[in-house]
Amino acid sequence: MALRAIAGKKTLTLGLGFGPSGAAAAASFPGLGSGLHARGLVTFSLPDLPYDYGALEPAISGEIMQLHHQKHHQTYITNYNKALEQLEEAMTKGDSSKVVHLQSAIKFNGGGHINHSIFWQNLKPANEGGGEPPHGSLGWAIDTDFGSLEALVKTMNAEGTALQGSGWVWLALDREVKKLKVETTANQDPLVTKGANLVPLLGIDVWEHAYYLQYKNVRPDYLKNIWKVMNWKYASGVYEKEVA
Amino acid sequence: MGFHLLSPSYCCGYQASPPISHGLLRFRPVTGIPKPSPKGQLHQSRRASKVLAYYGLTTPPYKLDALEPYMSQRTLELHWGKHHRDYVDSLNKQLVKSPLYGHTMEELIKVTYNNGNPLPEFNNAAQVWNHDFFWESMQSGGGKLPQGGVLQQIEKDFDSYSNFRDTFVESAMALFGSGWVWLVLRTEEKKLSVVRTSNAICPLVWGDIPIIGLDMWEHAYYLDYKDDREKYINTFMDNLVSWHAATVRMLRAEAFVNLGEPKIPVA
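Protein sequences appear in the order of chains W and L. When we follow my numbering, the leftmost residue of the first sequence carries the number 809, and every step to the right adds one. When we follow my numbering, the leftmost residue of the second sequence carries the number 43, and every step to the right adds one.
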């Protein structure tokens, strides 16, 4: 399935500067894919943050944002590119066991790239509208499916706190039944691993690297504060496009 | 069947004082302590006859700054004082309402692992044990080479110490997400092996005997090494790992696993 996505979107990449997202449900992000191999394999590069590292303070420290972006996300991208290269080689050779063996590395690193690309879009500095509650159709949908925004936040925070180990907590739209859901995924599994119809509207990284330097082991405080820089406009945009 | 350096630190329902050596042996009667309850006298007297399982937080066998500069005091304060303590407190809270009683910590882990369908208490119980094992897997002035029987066994099962070391480091680097890396003695295959586990899982659940454990959860290294996992793992191998603890554990393990013909001197 990964191969299809790469081969199919090759020309799209050339024309529009977009990259294959590798996930069925993701919207398109600028800056995802750039370089092209001689054989046509797309390589991915680190997308720029739409704000300064320190712009999300005091909810998330500049130190964390810089490490998270420049080190962690970059590592996922580097390893994702490496795994894709190896996959291409294995496929060309018809080496099935290598192809299958690489899937976990692709899921982990590719998932890390997808998830973090969404995450950066999810966040916005408070003075640029971060934290402003959703209006319009998404706001109504939240009230319908959860009762209120507070109830949704409470649910997501509870799920995020209860998550053992590393993972993500998502506000998801089930595009088939047009309902909102709260989901969690383990490690770097993208949301689609929980359901092919799930579209990520908001994702919160609850890996320890996302908050440890600032909040230490107090994950609940991190979850409480991250809503102050949540970019509901992005979530609304994705939602409206899906239900239109 | 305990694989701790010092005596098993948990016994259900009891705690004694004063603490012995590093305060690992703790007993205190929990029966007869009425919990404050809105239900009043009747509830209290019923409560008084119930025995609760209760586990204690052990202290690492060294001061919290003993592992500097390889593992900072700050990390120990948080990792032991907050994370490890939280696991103990959460476990005890869970056990108030649970029928699980009468187990040593290792038994509790196997019972709550439930053959791969873990009960809610598993995560806390396993993490309590894992962290105890972890503190005891390290020492000030650690690292360097294993000695004697351990070195022999490593060379037998990995061809050389450096092969083992490379395998260990590689395994740790290849771990996705949170987890642990272990040097275990496989009870069935009767040989040493490197395994990595996710989240709270530990080799006890498969009946293997851990010899060394390394915490690869981010909270274990993030303050000291940020995202540089390789440096953390190498530092552990070169400066922290307690081969003394490993030797003691191997000795105990040999009581349960026949690693070969005993060397009986011929008269």
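These aren't lab readings, by the way, just hints derived from the structure by calculation. For each residue, glycine too, the CB sits at the ideal point set by N, CA and C. Fair warning: there could be bad hints in the mix.
[Unchecked claim] What follows is a list of derived Cβ distance ranges for each label pair: (1) Ala934(W) / Ala216(L): 37 to 47 Å; (2) Asp280(L) / Glu1048(W): 53 to 63 Å; (3) Trp248(L) / Lys879(W): 49 to 59 Å.
Comparing the hints with the structure gives:
1. Ala934(W) / Ala216(L): 37 to 47 Å: holds, 39 Å
2. Asp280(L) / Glu1048(W): 53 to 63 Å: With Cβ atoms ~55 Å apart, the hint holds.
3. Trp248(L) / Lys879(W): 49 to 59 Å: Given about 34 Å between the Cβ atoms, the range is violated.
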